[in-house]
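J.: When you get a sec, could you build the whole thing from the sequences and use the hints?
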Amino acid sequence: MGLLDVFRRKSRRNHEAALVSPLAAATAVREQIQAGDLEQALDIAERGLERFPHSEAMQAAYRLLKREGLADEIAELRRKCEREDDPAALTRLAAAYRDVGEYDKALELCRRAIERFPEHDGPWYVLGRIRLDRFREEWLARDALLAIEYYEQAFDRNRTSYRALIDLAELYTKIGARRKAIRRCEAILEFAPEDERALALLQKAMTLPARGERLDLEQRVRRFAERQRHKANRRGRRADEAPPPDLALLRDPDLLYDRLHWLREHLEGFEAAIGLGGDGSVRGYCGPPSLQPAELARSLHPIFEAAFTCSLRMDMGRLRTAVFEADSGLCVLVQFGELRLALLCSPEARLDRTEAALERWIEHELYR
Amino acid sequence: MIEILEDLNQVAGVKGSMVLTRDGIVVHARLGDLEESTVAAQASAMIGQSLRGLEAVGRDGFQRLILTASWGRMVFVDLEMAYLVAITSRTTRLDNVLIEIDSTAYRIRNRRV
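The listed protein sequences derive, respectively, from chains G and D. Everything in the first sequence is counted per my numbering, starting at 1 for the first residue and increasing by one. Everything in the second sequence is counted per my numbering, starting at 1 for the first residue and increasing by one.
Hints listed in this document are in silico derivations from the structure and should not be mistaken for laboratory results. Beta carbons: idealized from backbone N, C-alpha and C, even for Gly. Check the hints yourself; a few may be wrong.
[What the hints assert, rightly or not] Computed footprint of chain D on chain G; a stretch qualifies when at least three of its residues, placed anywhere within it, have a C-beta under 8 Å from a C-beta of chain D: (1) 84–98; (2) 101–108; (3) 131–140; (4) 144–150.
T.: Below, the structure is given as structure tokens:
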């Protein structure tokens, strides 16, 4: 084993120490970026995202890292787009913004490109990719349906759009839309007869049942999304698997109490904190006996439900937090996987003063 | 008031804004690509449910509500007779946007008719 290997093993061990929580991993990513070691930063970021896919701190660190890597390309493309109206440059810039997680900028550029160059397939493809990213993160059927719609628009404008066709073929195969998957594979093989990915996908699509249930596209997507969500929710339920932090907290009232109690110690103006199951049942409580946990749950559960529905119907994805500020104090709701946490504070706890403690609680303490 | 909302929508990260009463009646809206009826219905349900729930836990409503989801944010500000609702992107720095939203609420409250 060479010196370099020893160094790499040691640095991986160090990274493992950084992966105890999203906040620790995100801090390590930022430190590596500052030290100019983007390779190490990427290694930690990728492993961190794999372990904590829904963490805001981790996603922000990953975005920062990607921006660092693509900063020159983005600057150059922006200059190009300012100089001339070029659909390819607009599309590449939109794709670069998508890569760094700046989805709103990407969407705006796509809209601009579609308005000016309605026959160009590029922006439709980027729109499709953005929806596919969203679908893979939260498994909401609406995202997959929109991804399909956008990819089909790209295909309508460019019958040899390999990237749109391959994504479509994959999606159709996954949802079990046999005929559509085969057609898209065949469309690729017309202009790229030896393409290995298309051939493999075609083979897979052919094995799908030819005469299955008669379902339309939307039904198929919904069923697939439901399956994926179910699969994601099953994580950590097997005896040999460590449960994810939300399930661990839901199962262990002492652990949950310990995490809620952390807030009492570290948050100015703390009054009470409560942990609820998805059905509104009380799973843990830390606060004065004068506040009845069951009463609190009865009042807070409908707010959680309204916030959850509002987020979905507004096409913003799943609820993360809701922060209510009033003269009478602060009320914070946190959706942490399947666990719902609510926190009540006195007027002393102004948001600007409690933000850091709340971030540490959500992104570090709850994962310990 | 329309101009005030249009100014707010110029702020980076703000996708749209509206003023609506507690009963969900839209006073003014500048929502860009967002569908007015959907935003009004969701905002009004959110306000109504929050007021009822907060009152039950001994809180007198809210001055500001920041709702954060995976792909976007909604910020509600109490204007006394109505609410300012702003829909923003998730990736924009929240503190910068909040300053602009609070300043918009102040302009609406203090505008001369």
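J.: All the hints need checking, so say for each whether the structure fits it.
T.: Cross-check of the supplied hints:
1. Using a Cβ-Cβ cut-off of 8 Å, 0 residues of the region 84–98 of chain G lie near chain D, which falls short of the minimum of three, so the contact claim is violated.
2. For the region 101–108 of chain G, the stated coverage by chain D is satisfied: 4 residues place a CB nearer than 8 Å to a CB of that chain, which reaches the threshold of 3.
3. Here the region 131–140 of chain G counts 3 residues with a CB under 8 Å from a CB of chain D, which clears the bar of 3, and the coverage holds.
4. Restraint check on the region 144–150 of chain G versus chain D: 0 residues with Cβ-Cβ distances below 8 Å, three needed, restraint violated.
Violated hints, listed in ascending order, are 1 and 4; each of the other numbered hints is respected by the structure.
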